[in-house]
Amino acid sequence: MTALQKKDVNPIAHLTPEDIELIGKELDEIRQGVVDSRGEADARYIRRVIDVHRKIELGSRAVLLASGFAPAWIVGTIGLSVAKILENMEIGHNILHGQWDWMRDPKIHSTTWEWDMASPAEQWKHSHNELHHTYTNVIGKDNDLGYGIMRVDEDQPWQPFHLGQPLWSFVNACFFEYGIAAYDLELGAVIAKKQTGDPEFRARAKAVLRKIGRQVRKDYVVHPLLSGPNFLSTLAANFTANIVRNLWSNSVILCGHFPEGVETFEKKSIDGETRGEWYLRQMLGSANISGSKAMHIMTGNLSHQIEHHLFPDLPSNRYAEIAPKIRDLFDRYGLNYHTAPLPQQVGSAWHKIIRLSLPNGWLELTNGRNLLPQLAVLYKMTTGGPKVRRTLQRKLTAGVRLTRAAAAA
Amino acid sequence: MTATAPRFPAARPALSGLRNRVMRLAELATTPLLPADYLDMVSPLRAGADLRGRIVAVHRETRDAATLVIRPGADWQRHVPGQWVRIGIDVDGVRMWRAYSLTSHLDRPDGCIAITVKAIPGGKVSNHLVHRTQPGTLVHLDQATGEFVLPSQAPAKVLFVTAGSGITPVIGILRNHGELADVVVVHSAPTADDVVFGTDLRELAAAGRIRLVEQHTDTAGMLDAAAIAELVPDLAERATWACGPVGMLEALEEHWSAAGIADRLFTERFRPTVLVAGEGGTVTFTENGTSIEADGATPILDAAEDAGVLMPSGCRMGICYGCVLPLREGAVRDLRNGEVTTAAPGDGVLIQTCVSAAAGACAIDH
Chain A
1 MTALQKKDVN PIAHLTPEDI ELIGKELDEI RQGVVDSRGE ADARYIRRVI
51 DVHRKIELGS RAVLLASGFA PAWIVGTIGL SVAKILENME IGHNILHGQW
101 DWMRDPKIHS TTWEWDMASP AEQWKHSHNE LHHTYTNVIG KDNDLGYGIM
151 RVDEDQPWQP FHLGQPLWSF VNACFFEYGI AAYDLELGAV IAKKQTGDPE
201 FRARAKAVLR KIGRQVRKDY VVHPLLSGPN FLSTLAANFT ANIVRNLWSN
251 SVILCGHFPE GVETFEKKSI DGETRGEWYL RQMLGSANIS GSKAMHIMTG
301 NLSHQIEHHL FPDLPSNRYA EIAPKIRDLF DRYGLNYHTA PLPQQVGSAW
351 HKIIRLSLPN GWLELTNGRN LLPQLAVLYK MTTGGPKVRR TLQRKLTAGV
401 RLTRAAAAA
Chain B
410 MTATAPRFPA ARPALSGLRN RVMRLAELAT TPLLPADYLD MVSPLRAGAD
460 LRGRIVAVHR ETRDAATLVI RPGADWQRHV PGQWVRIGID VDGVRMWRAY
510 SLTSHLDRPD GCIAITVKAI PGGKVSNHLV HRTQPGTLVH LDQATGEFVL
560 PSQAPAKVLF VTAGSGITPV IGILRNHGEL ADVVVVHSAP TADDVVFGTD
610 LRELAAAGRI RLVEQHTDTA GMLDAAAIAE LVPDLAERAT WACGPVGMLE
660 ALEEHWSAAG IADRLFTERF RPTVLVAGEG GTVTFTENGT SIEADGATPI
710 LDAAEDAGVL MPSGCRMGIC YGCVLPLREG AVRDLRNGEV TTAAPGDGVL
760 IQTCVSAAAG ACAIDH
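Those sequence lines, one after another, are chains A and B.
Per our numbering, residue 1 is the first one in the first sequence, and the count goes up by one each step.
Per our numbering, residue 410 is the first one in the second sequence, and the count goes up by one each step.
No lab work stands behind these hints: they were computed from the structure.
Predicted model, so just to flag it, every value in this text is computed and none were measured.
Just so it is clear, CB atoms sit at the ideal spot from N, CA and C, and this is done for glycine as well.
Hints may be right or wrong, so weigh each one.
Said to hold, decoys possible - Within a straight-line C-alpha distance of at most 25 Å, the following computed SDA-like cross-link-like pairs (lysine to any residue) qualify:
id: 1; chain 1: A; residue 1: Lys-125; chain 2: A; residue 2: Ala-192
id: 2; chain 1: A; residue 1: Lys-218; chain 2: A; residue 2: Gly-228
id: 3; chain 1: A; residue 1: Lys-107; chain 2: A; residue 2: Tyr-135
id: 4; chain 1: A; residue 1: Lys-107; chain 2: B; residue 2: Gln-552
id: 5; chain 1: A; residue 1: Lys-218; chain 2: B; residue 2: Asp-449
id: 6; chain 1: A; residue 1: Lys-107; chain 2: B; residue 2: Ala-636
id: 7; chain 1: A; residue 1: Lys-268; chain 2: A; residue 2: Asn-336
id: 8; chain 1: A; residue 1: Lys-206; chain 2: B; residue 2: Ser-452
id: 9; chain 1: A; residue 1: Lys-125; chain 2: B; residue 2: Arg-504
id: 10; chain 1: A; residue 1: Lys-55; chain 2: B; residue 2: Leu-448
id: 11; chain 1: A; residue 1: Lys-352; chain 2: A; residue 2: Lys-193
id: 12; chain 1: A; residue 1: Lys-107; chain 2: B; residue 2: Lys-566
id: 13; chain 1: A; residue 1: Lys-107; chain 2: B; residue 2: Val-500
id: 14; chain 1: B; residue 1: Lys-533; chain 2: A; residue 2: Val-222
id: 15; chain 1: A; residue 1: Lys-218; chain 2: B; residue 2: Ala-458
id: 16; chain 1: A; residue 1: Lys-293; chain 2: B; residue 2: Leu-448
id: 17; chain 1: A; residue 1: Lys-7; chain 2: A; residue 2: Ile-270
id: 18; chain 1: A; residue 1: Lys-125; chain 2: B; residue 2: Asp-446
id: 19; chain 1: A; residue 1: Lys-107; chain 2: B; residue 2: Met-505
id: 20; chain 1: A; residue 1: Lys-125; chain 2: A; residue 2: Arg-31
id: 21; chain 1: A; residue 1: Lys-25; chain 2: B; residue 2: Asp-715
id: 22; chain 1: A; residue 1: Lys-387; chain 2: A; residue 2: Trp-158
id: 23; chain 1: A; residue 1: Lys-206; chain 2: B; residue 2: Leu-442
id: 24; chain 1: A; residue 1: Lys-25; chain 2: A; residue 2: Gly-228
id: 25; chain 1: A; residue 1: Lys-107; chain 2: B; residue 2: Leu-632
id: 26; chain 1: A; residue 1: Lys-55; chain 2: B; residue 2: Leu-437
id: 27; chain 1: A; residue 1: Lys-55; chain 2: B; residue 2: Lys-566
id: 28; chain 1: A; residue 1: Lys-107; chain 2: B; residue 2: Leu-443
id: 29; chain 1: A; residue 1: Lys-218; chain 2: A; residue 2: Gly-197
id: 30; chain 1: A; residue 1: Lys-193; chain 2: A; residue 2: Leu-235
id: 31; chain 1: B; residue 1: Lys-566; chain 2: B; residue 2: Arg-504
id: 32; chain 1: B; residue 1: Lys-533; chain 2: A; residue 2: Asp-105
id: 33; chain 1: A; residue 1: Lys-206; chain 2: B; residue 2: His-537
id: 34; chain 1: A; residue 1: Lys-268; chain 2: A; residue 2: Ser-127
id: 35; chain 1: A; residue 1: Lys-218; chain 2: B; residue 2: Val-489
id: 36; chain 1: A; residue 1: Lys-6; chain 2: B; residue 2: Arg-504
As the list claims (entries may be wrong) - Pulled from the structure, derived: some chain A residues nowhere near chain B, Cβ distances all over 12 Å:
id: 37; residue: Arg-38
id: 38; residue: His-109
id: 39; residue: Leu-225
id: 40; residue: Leu-232
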């Protein structure tokens, strides 16, 4: 993807500043409509989800006491995976956004909630709510773009180590909660700047390690011990449930901002950004997942990523209700409401990860017939110096232009 | 007496040592949740839980007043008649806390307590409690508190002056203090039908336990202090407890002062009077990190809640001190009397956020 401002065809060129302010006004009204009608039914909803989660978790953990018995292992592991997904997505993520603060219930409040996740709520709220949701998809500002470990934009120069990107993206997906914890700590930047001795960083790192310690002790020591002779099979079940939850939440999050066609923005484009322009950036920088009600709940309603990014603090159960109004707004202003089923969005996001792990244009130009010479080019670019890479990249770019011109003709 | 000394909600009773250890052990298996989160699903009124109660019955008293019978949690401590309790209930999904006088017999065989609520026009919580609350509803409670109570040595002659729902703490006292031999109750309400506990009061009067003076203000107008003095000639010999609107209480205080018997009058205010509006300012909550712009006429509590800050709160009238927070620095104005309180870092001055407005920039530890 290329920052929207550098594109040949700018998808918002047809909007006047007045249009953008009108979009902002309409969105403010939609938001106010939900705020004014928040009430008992919403409160009942989140309490029910929390209640269901706790019952599924208790039930699954109880079944796993007999995890040596294969059917018990399977049922318990599925149940625990579902419980952990609910807890992280529809419950934890949304409560920590303050979506339920209006209830003034100290037990369901963004300032008191803690979740089943390696990253302590306090640190996650900072990196997610304050940074990601404010600077969504702004290159160099929103660290969620590639989590600081990936090449997410054609404008980032390709380096040979990017070839490993699909592999480490997959490893990151499996252990996503630890990746998030390291990311919330800004571990990479702190190490690069040699600031690991900083007392503030040390205090935060200690909090993360304490949290991880408690989580690991619960899933890999206490519950396995409670299972007695089934120690190892319960441990394996808990490990599996954590991996399933990690893969699921990673997939959902990839779908939110990574699919092809989701826009990114240049750093300077947000200088003096108005409320309307901020809304517009959220509209273009997010993608939805279409599907059933159960799928929406399991994604924490992040399947309504567009609605969530427009109104991060509205109760998640209301996104589905406003989605048609938002879509209508997109249509009226000639904007692309990016939505597709889960497999398609996940596929699109992974395609992009693979495409950008290779030099610009390489994947597009490669087919069954020219595979060998193309691999030779890739080998030369990987082993050669910067000069070789620049020369070969120029050839690839020219090749892409030719192919596209031929296709257009 | 007016409750002026800062009082904090009674501390939760300490868990027994053994229970504490078991809970901590269980937490290893439930983290990041607490064992209590699971226990609350099946037993919200158990010993050791946050104090709650379940409404078991709602009795209509008048067209706009009702008595709610509540089964309190196991850790409820016996109250003293005349005291009030803070009750937290979800109205339209939002947790609201208010204080109401306890009106029940101490020795109810079912162990329940009762509060009596008068719906005030526009009152969110009082209308919900009177008109829409169903038996079975779970509510949140604090231990009873308040100083509108009889001394341990009950005085020989007593006068109660009440108006409207001001009768509620008095009924709590009358029901539990059968030993009071000489009691006069002067009560004002718009009409005979509006007298909360009218039947009870009239029965007590018929049985000769009290002398009842009912003033129906729609037809007979308001009673002033001089009229009360006329109705109760031996007023100076009586210990007097008064509960009702601020205007009435101030008039009584003035009269009792002038008569040199101010020490014989005990009052309980139900609402603050707003006298002065300050200039407002930015209020910063140091721990929470939120900053809000508050005007000089809005209590900091309201302004903060409107901005989504979770605030401790209680009576919202400056009497229960459930909303007290440390003012780290800055200035606030007491909306009841215009008094300005300032604090410098380290002072840790405690302010009641429900009756204090910003009088310039201030930082609050919360």
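Are all beta-carbon distances from A/Leu-232 to chain B longer than 12 Å? Correct as stated: the minimum Cβ-Cβ distance to chain B is 18 Å, above 12 Å.
Next pair to validate is A/Lys-107 with B/Gln-552; report whether the Cα-Cα distance is within 25 Å. Measuring from Cα to Cα gives roughly 20 Å; hence the hint holds.
CA of A/Lys-107 to CA of B/Met-505, is that 25 Å or under? holds, 14 Å
Restraint check for A/Lys-218 with A/Gly-197, where alpha carbons must lie at most 25 Å apart: Roughly 30 Å between the alpha carbons, so the hint for A/Lys-218 and A/Gly-197 is violated.
Regarding the pair A/Lys-55 and B/Leu-437, is the alpha-carbon distance no greater than 25 Å? holds, 18 Å
Take a quick look at whether A/Lys-107 and A/Tyr-135 sit within 25 Å of each other, Cα to Cα. Violated. A/Lys-107 to A/Tyr-135 sits at ~30 Å, over the 25 Å cutoff.
Given the hinted pair A/Lys-125 and B/Arg-504, is their alpha-carbon gap at most 25 Å? holds, 24 Å
Check the non-interface label on A/His-109: least C-beta distance to chain B beyond 12 Å or not. Violated, since 5 Å does not exceed 12 Å.
Hint consistency between A/Lys-107 and B/Ala-636 [alpha-carbon to alpha-carbon, up to 25 Å]: Status violated; Cα separation ~52 Å.
Straight-line Cα separation of A/Lys-55 and B/Lys-566 no greater than 25 Å? Judged against 25 Å, a Cα distance of about 60 Å means the pair is violated.
Does A/Gly-228 lie within 25 Å of A/Lys-25 when you go C-alpha to C-alpha? violated, 61 Å
Given the hinted pair A/Lys-268 and A/Ser-127, is their alpha-carbon gap at most 25 Å? holds, 21 Å
Hint compliance for this structure: hints 3, 6, 8, 11, 12, 14, 16, 24, 25, 27, 29, 30, 31, 33, 35, 36, 37, 38, 39 are broken, all remaining hints hold.
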